[in-house]
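Student: Taking the hints into account, I'd like the entire structure generated from these sequences.
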Amino acid sequence: MPHVRDSELIKYVAGELPQRQRARVDEHVAACTYCRDRQRQISQTWRVLGDWQVEPLESDLADAVSVAVRREREAAARQPAGWRRASVLLRAAAAILVAVGLGHLAARWTAPLPSDPVTGGVDRVAQSDEANAIPLGVLELGSATGWAELILNDVEPSDQEGSS
Amino acid sequence: MSADAGDDAGLMRAVAEGDMAALGELVRRHEEKAFALACRLLARTDAAEDVTQEAFLHVHRAARRYRPEARFTTWLYRIVVNLCLDAKRRNKRAPARLPVYRPPAEAPPQHDQLEAAERAERVRQAVDHLPGRQRTAVVLHRYMQLSHRDVAEVTGWSVSAVESCLVRAYAQLRQELRDLVEK
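Protein chains in written order, with the numbering used here: chain A, 1 to 164; chain B, 1 to 183.
If you are wondering where the hints come from, they were derived from the structure by calculation, not from laboratory data.
Be aware that one or more of the hints could be misleading.
[Unchecked claim] Not everything, but these chain A residues come out facing chain B in the computed CB check (under 10 angstroms):
id, residue
1, W46
2, V54
3, R70
Where is the CB? At the ideal position from N, CA and C, for every residue including glycine.
Tutor: So, in structure tokens, the structure goes:
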């Protein structure tokens, strides 16, 4: 026969079990030393816990609550209706601003850095600097093909051929 | 729903219509248990009094939205438990002892009374040493006399979670109060 679960014994001690289940536990506990011992321990713990009593409330709580409610009502009445409406609008505006701000930050964090050499600012500047750093001047001394002169002097190939 | 619970729902309807006498009646009916619950969860009388008052203010503010789907006490205890959790978080740095209840006595305390007070203090400490969820479950189950299902309704946990909390809590209490349990 399976032993009674701890949670069932707790329910038994607390008087939560329906009559049929209670009778079943009674029957089992009578025959099983292990479960009888556990049931006794839980019962004793339950009893000892009952030794802690708290002091009853001394002040008149109903009166205190009534005063607090009246104060809340007076505070609400002192606030003009227009102000109440304005505070709602202000709260809504603040919420929208926060949402826009968060969206902006999220976009900044998640968007990739511009990498297109034509439209991207950072890379374009970098490429421009690199291009400027190329020593094209050395080609002015005359290259093997003659193309450097064409590029540097902006001369049409046909012009050059005609003049030669 | 019991007659009392039905009366509570009627009182709540009256409170929703602005009847302050109905609110007073609700407070008088339930203040003792609500206060005892707060006392045991907070282990501070002053804070427990504030929490109990705040709980009834919540009841007043929410009266129009209240639907009597569960017992009024279930709803009230849930408010008290949540307010206690908030208060505990706020007052984590300033724990204070809850004075142990001693029945009024004209004569000097007898040996039995002193012993009872000591036992009560031991139990209070043992319950206070339980982890938060276990303490909430034990206070609701042992001291508020709620069933496992009712504890689950008040806390919003599953019934199996409540059962597991209670099994562990009673085991720890049995261990910590072993000398008293085995007397």
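Student: Now, for every hint given, state plainly whether the structure supports it.
Tutor: For each hint, the structure was consulted:
no.: 1; hint: W46; in the structure: holds (7 angstroms)
no.: 2; hint: V54; in the structure: holds (4 angstroms)
no.: 3; hint: R70; in the structure: holds (8 angstroms)
Going through the hint list in order, the structure satisfies each hint without exception.
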